[in-house]
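Taken in sequence, the protein lines are chains A and B.
According to the numbering used here, the first sequence is numbered sequentially starting from -14.
According to the numbering used here, the second sequence is numbered sequentially starting from -14.
Since the hints were derived computationally from the structure, they do not count as laboratory data.
Where hints are given, some of them may not hold.
One copy or two, it doesn't matter: identical chains are merged, so the pair holds either way.
Mimicking DSBU-like on lysine-lysine, the simulated pairs with C-alpha atoms at most 35 Å apart in a straight line are [to be verified]:
| # | residue 1 | residue 2 |
| --- | --- | --- |
| 1 | 495 | 137 |
| 2 | 533 | 613 |
| 3 | 495 | 642 |
| 4 | 332 | 495 |
| 5 | 172 | 137 |
| 6 | 495 | 613 |
| 7 | 332 | 533 |
Each chain is listed here by its residues.
Number of protein chains: 2
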Amino acid sequence: MTRTMTEHESELAPGEQAPAGVVAMATTDQEQLSELGASLRTALDGPYAEGRAAGRAELNPEDVLRDDGQSMAEARAWTFAKLQLLTDRGLANAGFPIDGKPADTAAAVIAFETLAHGDLSLTIKSGVQFGLWGGAVQNLGTAYHLTEWLPKIVSLELPGCFAMTEVGHGSDVQNLETTVSWDRSSKEFVIDSPRPTATKTYIGNAAVDGRMAAVFGQLVVSGTNHGIHVVMVPLRDADNNPLPGVNLGDNGHKGGLLGIDNGTISFDQVRVPREYLLNRYGGVSEDGEYVSAIASDNARFFTMLGTLVRGRVCVGASAGITARKALSIATRYAEQRRQFPAPGSEKGVLLMDYLSHQRKLLPAIATSYALGFAHNESVEMLVRVQEAEVRDDLRSRELEARAAALKVMHSRFANDTVQMCREACGGAGFISENGLTTLRRDVDVFATFEGDNTVLEQLVTKAQLLEYRQMWGDLDMLGTVQQAASMVGRTVMERSTGRVVIERLVSAAKRRTGEVPVRDRGWHAWMFEEREQHVVEGLANRMRAARKTRGQDAFDAYNALQDHMVYAARVHTERVVLDAFIVGVESCEDEATHAVLNRLCDLYALSRLEADRGWFLEHNRMSASRSKRVVRTVNELCSKLRPDALALIEGLGIPEKLLDSQMLRTD
Amino acid sequence: MTRTMTEHESELAPGEQAPAGVVAMATTDQEQLSELGASLRTALDGPYAEGRAAGRAELNPEDVLRDDGQSMAEARAWTFAKLQLLTDRGLANAGFPIDGKPADTAAAVIAFETLAHGDLSLTIKSGVQFGLWGGAVQNLGTAYHLTEWLPKIVSLELPGCFAMTEVGHGSDVQNLETTVSWDRSSKEFVIDSPRPTATKTYIGNAAVDGRMAAVFGQLVVSGTNHGIHVVMVPLRDADNNPLPGVNLGDNGHKGGLLGIDNGTISFDQVRVPREYLLNRYGGVSEDGEYVSAIASDNARFFTMLGTLVRGRVCVGASAGITARKALSIATRYAEQRRQFPAPGSEKGVLLMDYLSHQRKLLPAIATSYALGFAHNESVEMLVRVQEAEVRDDLRSRELEARAAALKVMHSRFANDTVQMCREACGGAGFISENGLTTLRRDVDVFATFEGDNTVLEQLVTKAQLLEYRQMWGDLDMLGTVQQAASMVGRTVMERSTGRVVIERLVSAAKRRTGEVPVRDRGWHAWMFEEREQHVVEGLANRMRAARKTRGQDAFDAYNALQDHMVYAARVHTERVVLDAFIVGVESCEDEATHAVLNRLCDLYALSRLEADRGWFLEHNRMSASRSKRVVRTVNELCSKLRPDALALIEGLGIPEKLLDSQMLRTD
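With these hints in hand, go ahead and build the complete structure from the sequences.
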């Protein structure tokens, strides 16, 4: 996929000379990139380079950049209007199986992440309509829903809500209180919110625009609760007035995403026809019998939720794009802003020349690349799972764990990075017209929506433990635990593909006589693996003991493991991301680009080892002198990468036209 | 100072019974606190308990809490109106030497921190008017300025600006470009902005309200530049129109502090009378001669800037108050919010009962206490320095370093903590009416205003190095360096007061045979000292080598030390804060309160040791097993402190009436 520009492809007129190292990219927006920047971008975009380049070129700043000074009402109106415009142009609603086309999962993901290059309210508004509302109908509905309803959703003729969260139950979806009861006599479903805590809240599109909602509730048929199901419920009439029995509220002003009209919904015995239940995994027959191909309520619940995994993949990715945008702004500013006198110069020292500044920006840039390669893998996993002829439970579970892991790391990284970039631009970073404060406000909620990060981390670890419990049987046999731990976190796909490269590198590092160089890639992979295995093995042993307790004691015993569980998720995620980066570097064929990616991968691996060196020292995986060398090497890598800072930013793929930063336009 | 309530003091009517452990506080707002909470609050308020309690009682929520949904124009108007109201009540403008009263430094600081319990725009607007503008006139002016101008500033009749920062020079104050030139013929000063980069920017009160400004510029007399001086320059006439030669701009929408009208100012040959120069440290005589008691331009510059240190003390403290407010909201929410089923209960598990939640909130609460005690020390240092008959250069420098160190730690802590609290409240935390998002937006800029944190950290370390270079002479003698390092960071005041307690504890820990318990206070103090000494000694040695280089090599050599310098500042600050906490615990006489403070101090010390255990392992200050025990002990301390969570929050001193969080009012 490596793109090398020939003179023939240049956009320059005959006789014109491009500045050294700068070639015109063959994108429709004529973006000028350095050769290295263009090549890095192609490598990072990976299998989706073409679609991403096209998507970026299609975005017009005036359509996707919002003025942060807008009031909430203005922001909401702007957001809906722009979503309609982008929908009409086909930029927001890609990939749906309508008009005889098959579903195109990758196209849907790429469309969503491309929108994240612009305003995040617009992105999330699109996500509510097409990802959540449209996604629920697409993934949980059957032919009737896809034919009758999906086209209106895809055209935005029918704006809708994804009504899952309730006042009393945020993370605990299984215990939602809304009821969906089958009325045998009228052959209808009755939707009801029995208590105030059953009120749906923080629901996008609920306060103003939503005409219908995919409502999550307990399905009760003839007195039997079959667990959580999803039903389409009309909310407002054609004049946007609430329908009888539907109570709608407004969550009002928020910390960010002002363009999203989050609101509350509660139901007072609202009736809908039998067909409105999204019944792919469970429904009620015409003669009033509950029917499902999945016998266990629990299995059905997780299967249904699992089909909605795309939202989590998309949310993580768009947080990642936001971090890239902040890094692009802060790095470009650091390349123009000077402060304090420079030796032998009147101009002062560029911020980017200060080690402390390099230490802030460059490891974050390296992590951005790492997460980008890992996200590409997720999209490939998602496509394989969602476009498979037959559902593969194991691969689905792997995908869900991966999506949760990356959503956590992406959103944590984005929050920290945008804040760091804001500060790295000093007072200018705090002025809205310079583009960072809106990113900061909008990306904040990514840490808790689409799954609270702390809850998701425990989900990731449970998936790890569950997997090898199923693979290796009884956890109580210590030998098995140890053996199992060596396989932990290896998904089916990993075992079959990229693992070969990594195992070769690790084996080579282990075989070396004498000390392994601190930049040896195999050593990095080895250390990340060792840590994960040890942490999960230790956790499994502690779990074994906790399983013998009951009642409050059991709660206390598991509760005492919570920080261990969260840590296990983190080290697992860092390992998965490193592996993806390694495979990404290895598949880059251009020599110069490969060398830079290699250095970036070193910086990702070593800055993570540095941050957690306490663990490696405690567990005798690093000596004190080696640990100090890791710290020094991070500094050295910063110096080595510094001359390429701008190219690295170009590689992250945010077009300059979308940076929306006044301070970069004035020098 | 320990307050123990007697039944006699209770506000309850005879026959009424207070709930167990709850007594009515004798504050004017009748706040109901638990006995432990009241006692903790008194201990933490320390020498300023009375003034702080009175200040909190005086604040009315309707005067100091702002609606986050306000537009920028509304926010600015609200802020000015409320500042006038508080000024009229004497709540914002305390401590000035007018009407025959002497300056009361502590009163000024307490007034400022008390305002931070409310809206931060209002707090900073007060800071701009009274701390910066009034402070410049008070501290840099002479009798004429104090008599003629200060009363109008203190009444808010004359709103003004502190015009230091320029477009081209944020942190680099010494190289500002604005000129203040003496015109020998007219006997006036001419203020000029020679280039666009000389434009003053981010200046509070400049966009709308400022009528006059304290302008920082290079004072040029008869062709000689005497360095930075400050001159009062009228900006607007009585109808608020800009005066001739004064160009005013608006920085517009910002990431937070929307109530502050930050703007730009540039001057085109604006003339002011000779008396307008704030000439305490340097001025021009009637016959046009430059006069100063301080011969060196450099020494004069640092002396003048040093007198403005109160602003930095106040900014740090108000960031600390903001963190306390966020912790109060998040902890109270965690005590009412339940999620996921609890064993043997229908109600679900309280968030506060989860270890992961305790791990988020309790170490932050402990750090809040630590910083509170450290801030009390700073105020005492400030009072001693600023109210001394004769200026004491050494103590002034110590105070400046301390103020910089605490401002950095306070503002970093506040940013991280408010964000953590927002996330700990899930979706509810993101809804503005719940009170966290406005704190998040407003406290953001504290990391870069009143000194960029990264620049300040280097200032702290330079002060440390300078101090012992002056005390011990030539840095090039290694023996001296090592000896000096053992004294590093000990200020005059430290050496004379609280050090006795700490040295006794450290000596006892060192004398112990066998392993020192992990909760031994002397061991904590010892470890923090060891780390600081080692880091500064290492830095001094590297500095010695760097001093032999010149030009670009010198820049490169010092630049390579930047992360070491920043780290030295951090470990110094953590040590200073621990010392203050230890002294605070020791001076608490109430047994039960002492026990809780002691535990909190353990948690502060051990959570910091945990976070930086890589260093202690690398440098053989902790064994691997001890390091693991530190981690376990942090968990144990969280469990032990968990039952006191609400009392700990009460101790932080934010009255419930000011929490402004809708979710706490509904259960």
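- Message: Of all the hints numbered above, which does this structure not satisfy? Sort the numbers upward.
- Response: 1, 3 and 4
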